[in-house]
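Undergrad: Now for the letters of each chain:
Protein chains: 2
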Amino acid sequence: MLAQGLLIRRWLLAAPRTSQGQEPRAACSSLVPALQGELDKFGGVSVSLDASQPAHRLDPTSFQRHLQDSIKQWKAEGRIAAWLHIPIQQSRFIASAAAEGFTFHHAESTSATMTLWLGHGHSRLPGYATHQVGVAGAVLDEDTGKVLVVQDKNKTTNAWKFPGGLSDQSEDIGDTAVREVLEETGIKSEFKSILSVRQQHNHPGAFGKSDMYIICRLAPLSYQINFCTRECLKCEWMDLVKLATTSHTTPITSRVAKLLLYGYRQGFDKIDMTMKEYPAVYSGMVYRLYHRELPVNLEN
Amino acid sequence: MLAQGLLIRRWLLAAPRTSQGQEPRAACSSLVPALQGELDKFGGVSVSLDASQPAHRLDPTSFQRHLQDSIKQWKAEGRIAAWLHIPIQQSRFIASAAAEGFTFHHAESTSATMTLWLGHGHSRLPGYATHQVGVAGAVLDEDTGKVLVVQDKNKTTNAWKFPGGLSDQSEDIGDTAVREVLEETGIKSEFKSILSVRQQHNHPGAFGKSDMYIICRLAPLSYQINFCTRECLKCEWMDLVKLATTSHTTPITSRVAKLLLYGYRQGFDKIDMTMKEYPAVYSGMVYRLYHRELPVNLEN
Numbered sequence: 001m002l003a004q005g006l007l008i009r010r011w012l013l014a015a016p017r018t019s020q021g022q023e024p025r026a027a028c029s030s031l032v033p034a035l036q037g038e039l040d041k042f043g044g045v046s047v048s049l050d051a052s053q054p055a056h057r058l059d060p061t062s063f064q065r066h067l068q069d070s071i072k073q074w075k076a077e078g079r080i081a082a083w084l085h086i087p088i089q090q091s092r093f094i095a096s097a098a099a100e101g102f103t104f105h106h107a108e109s110t111s112a113t114m115t116l117w118l119g120h121g122h123s124r125l126p127g128y129a130t131h132q133v134g135v136a137g138a139v140l141d142e143d144t145g146k147v148l149v150v151q152d153k154n155k156t157t158n159a160w161k162f163p164g165g166l167s168d169q170s171e172d173i174g175d176t177a178v179r180e181v182l183e184e185t186g187i188k189s190e191f192k193s194i195l196s197v198r199q200q201h202n203h204p205g206a207f208g209k210s211d212m213y214i215i216c217r218l219a220p221l222s223y224q225i226n227f228c229t230r231e232c233l234k235c236e237w238m239d240l241v242k243l244a245t246t247s248h249t250t251p252i253t254s255r256v257a258k259l260l261l262y263g264y265r266q267g268f269d270k271i272d273m274t275m276k277e278y279p280a281v282y283s284g285m286v287y288r289l290y291h292r293e294l295p296v297n298l299e300n
Numbered sequence: 001m002l003a004q005g006l007l008i009r010r011w012l013l014a015a016p017r018t019s020q021g022q023e024p025r026a027a028c029s030s031l032v033p034a035l036q037g038e039l040d041k042f043g044g045v046s047v048s049l050d051a052s053q054p055a056h057r058l059d060p061t062s063f064q065r066h067l068q069d070s071i072k073q074w075k076a077e078g079r080i081a082a083w084l085h086i087p088i089q090q091s092r093f094i095a096s097a098a099a100e101g102f103t104f105h106h107a108e109s110t111s112a113t114m115t116l117w118l119g120h121g122h123s124r125l126p127g128y129a130t131h132q133v134g135v136a137g138a139v140l141d142e143d144t145g146k147v148l149v150v151q152d153k154n155k156t157t158n159a160w161k162f163p164g165g166l167s168d169q170s171e172d173i174g175d176t177a178v179r180e181v182l183e184e185t186g187i188k189s190e191f192k193s194i195l196s197v198r199q200q201h202n203h204p205g206a207f208g209k210s211d212m213y214i215i216c217r218l219a220p221l222s223y224q225i226n227f228c229t230r231e232c233l234k235c236e237w238m239d240l241v242k243l244a245t246t247s248h249t250t251p252i253t254s255r256v257a258k259l260l261l262y263g264y265r266q267g268f269d270k271i272d273m274t275m276k277e278y279p280a281v282y283s284g285m286v287y288r289l290y291h292r293e294l295p296v297n298l299e300n
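Residue numbers (full-length UniProt numbering), protein chains in the order written: chain A, 1 to 300; chain B, 1 to 300.
I should point out that these hints are in silico values taken from the structure, not numbers from a laboratory. Since the structure is predicted, the reported quantities are computational estimates derived from the model, not experimental observations. A hint or two may mislead.
If chains are identical, the list can't say which one is meant, so a pair holds when it fits in one copy or spans any two.
Quick list of in silico lysine-lysine cross-link-like pairs, DSSO-like style, CA-CA up to 27 Å [claimed, not checked]: (1) K188 to K155; (2) K41 to K234; (3) K276 to K242; (4) K146 to K75; (5) K41 to K153; (6) K270 to K155; (7) K72 to K276; (8) K75 to K153; (9) K41 to K270; (10) K41 to K155; (11) K72 to K270; (12) K146 to K72; (13) K188 to K153; (14) K155 to K276; (15) K242 to K75; (16) K41 to K75; (17) K155 to K242; (18) K188 to K242; (19) K72 to K153; (20) K153 to K270; (21) K234 to K75.
Whenever a hint applies, use it, and build me the whole structure from the sequences.
TA: Structure below.
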């Protein structure tokens, strides 16, 4: 699948060409520089309608004419796709672009990105983010064998579950778990491992997108509960055996409670996916990799 | 964090109210019914600008006046947020909404959703999908101890890696792995387990969003390689020990090769997160849950 990737060179489109024998386009086309774009390595052209773009002052009708000319030129040059990045201040251009066949690739906050496939066959352009990520923290006090559980407010059935919530943009899995546990229960904790991953599609709470729900094992750094009454109805340290056997819980909480009990009795190495950090290909970035522990002879 | 959730009742806004002693609003406001919205259980109001909405035929200026009136009314009624769902055919309204303070929540294909926070303090509205999900398949032939690897085209370093790619919308993790392996190598396979999860943020290939990259263990159902020359430079069945020790690979491939080797020698129960399917709370849906196997006494 094509990825937009890095833009490789600045590419100024020449003024729209006219077919032999035709009258050259008058008015705006000759007075306003044509749309300036950047080529990507996949054969697409990317246009930002910000203040650096001479066309950004046009009225929608003149813009649409320029876009028409540019599309003709891009096709003639063999471009396979066009991308328009439109700041919300220029959102009057969205309808013009839509009239020329552009659709939304994505939009967020104060900008929208629209695309038009110019190549043969169906579009091979990559999609946008497909998942929200929710994370819960199972904080187990190894000294007492008790685990931190809550009952959500505003739910029809008051089932015990692990505190958790949605990851913020660019937030690591373990950081979400620790933050949500603190916000909901007042308990400080630290990340130990990933215990389970659940995938669910067409999720009503994710605007029809998919939901990835991850439960982490956390170790407590404080013990005094001070729970958020806006989010939780109840919060307590519950015996792990009780949580693993009660019917007042969700199926996934029950399974992870059994898993925790197994780890508590037999060693957490039975149940953990632990984390290591690595430098990423992209300069200055790191990524976090989770898998089962390797034995020492393979680790070295 | 607030979630949009289910809309609970149809809510027709009355015509905009006028303050005592003021002239009533003339023209459009009195001729066109006010914006029709639905209340959600979090105190927000949601307006679809589709053909069922009387205002959908308005010009942008008249629409903006109606929106101004509606916002005043929503605030007076204590609504904490307004959502506008705008089909691309009505995208001329986007600039009007932006002028009243609405920003993009998300947009895709032929519709955009904009929001305006009306409550106290900063917005507590939920975000949109934050992650793309990529999946690779490590197809291990247990009879030979060889694993299926490829070298990507269009990469600067030709490192051996597992075939894989981005999940389509609503596609399960294992299904992506099996599909991508087939597309890239011609090998048929079946899902066995999740071996590793990598999270990386601000990903250039994800339009600045986060990337979740999952490697699955697959078992081969066919053996004759017929690789995709558009995506791959090379493809072969490689001895697992060689992959675990070669420098011609990526760090994550190398680690997962070691993990596979550990499982191949000591039993895959050492490395696997296996999958079970469960009915979801939402009628007719299922979810897939991945975690370490439970011992029999806890499973029952």
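Undergrad: Indicate, hint by hint, whether the structure satisfies it.
TA: Do the hints match the structure? See the list:
1. In this homomeric assembly, K188 and K155 come within 27 Å of each other (Cα to Cα) only inside a single copy, at 25 Å, whereas the closest approach across copies is 44 Å.
2. Taking identical chains as interchangeable, the C-alpha atoms of K41 and K234 lie at most 27 Å apart only when they sit on different chains, with a minimum of 21 Å there against 55 Å within one chain.
3. In the homo-oligomer, the alpha carbons of K276 and K242 lie at most 27 Å apart only across protomers (23 Å), although the nearest pairing inside one protomer, at 33 Å, exceeds that limit.
4. In this assembly of identical chains, the alpha carbons of K146 and K75 never lie at most 27 Å apart, being 65 Å within a copy and 46 Å across copies at closest.
5. Within a single copy, K41 and K153 get their C-alpha atoms only as close as 50 Å, which misses the 27 Å cut-off; across copies the closest is 13 Å, which meets it.
6. With identical chains, the CA atoms of K270 and K155 are never at most 27 Å apart, being 33 Å at best within one copy and 38 Å at best between copies.
7. For the homomeric pair K72 and K276, neither the shortest alpha-carbon distance inside one copy (50 Å) nor that between copies (52 Å) is at most 27 Å.
8. For a Cα distance limit of 27 Å, the shortest separation of K75 from K153 across copies, 25 Å, qualifies, whereas the shortest one inside one copy, 56 Å, does not.
9. In this assembly of identical chains, K41 and K270 lie within 27 Å of each other by CA distance neither inside one copy nor across copies; the values are 46 Å within and 42 Å between.
10. Taking the shortest Cα distances, K41 and K155 sit within 27 Å of each other only across copies (12 Å), while inside one copy they are farther apart (50 Å).
11. Taking the shortest alpha-carbon separations for K72 and K270, neither the intra-copy value of 61 Å nor the inter-copy value of 58 Å comes in at or below 27 Å.
12. When the C-alpha separation of K146 and K72 is checked against a cutoff of 27 Å, the pair qualifies neither within a copy, at 68 Å, nor between copies, at 51 Å.
13. Taking the shortest Cα distances, K188 and K153 sit within 27 Å of each other inside one copy (22 Å), while across copies they are farther apart (47 Å).
14. In this assembly of identical chains, the alpha carbons of K155 and K276 lie at most 27 Å apart only when taken from different copies (25 Å versus 37 Å within one copy).
15. In this homomeric assembly, K242 and K75 never come within 27 Å of each other (Cα to Cα): the closest approach is 67 Å inside a single copy and 47 Å across copies.
16. Taking CA atoms no more than 27 Å apart as the test, K41 paired with K75 passes inside one copy only; the shortest distance there is 16 Å, against 49 Å between copies.
17. Taking the closest pair of Cα atoms, K155 and K242 come within 27 Å of each other only inside a single copy of the chain (22 Å); across copies the shortest separation is 53 Å, beyond that limit.
18. In this homomeric assembly, K188 and K242 come within 27 Å of each other (Cα to Cα) only inside a single copy, at 23 Å, whereas the closest approach across copies is 44 Å.
19. In this homomeric assembly, K72 and K153 never come within 27 Å of each other (Cα to Cα): the closest approach is 57 Å inside a single copy and 30 Å across copies.
20. Neither within a single protomer nor between protomers do K153 and K270 lie at most 27 Å apart by alpha-carbon distance, with minima of 34 Å and 39 Å respectively.
21. In the homo-oligomer, the alpha carbons of K234 and K75 never lie at most 27 Å apart, since the shortest distance is 62 Å inside one protomer and 32 Å across protomers.
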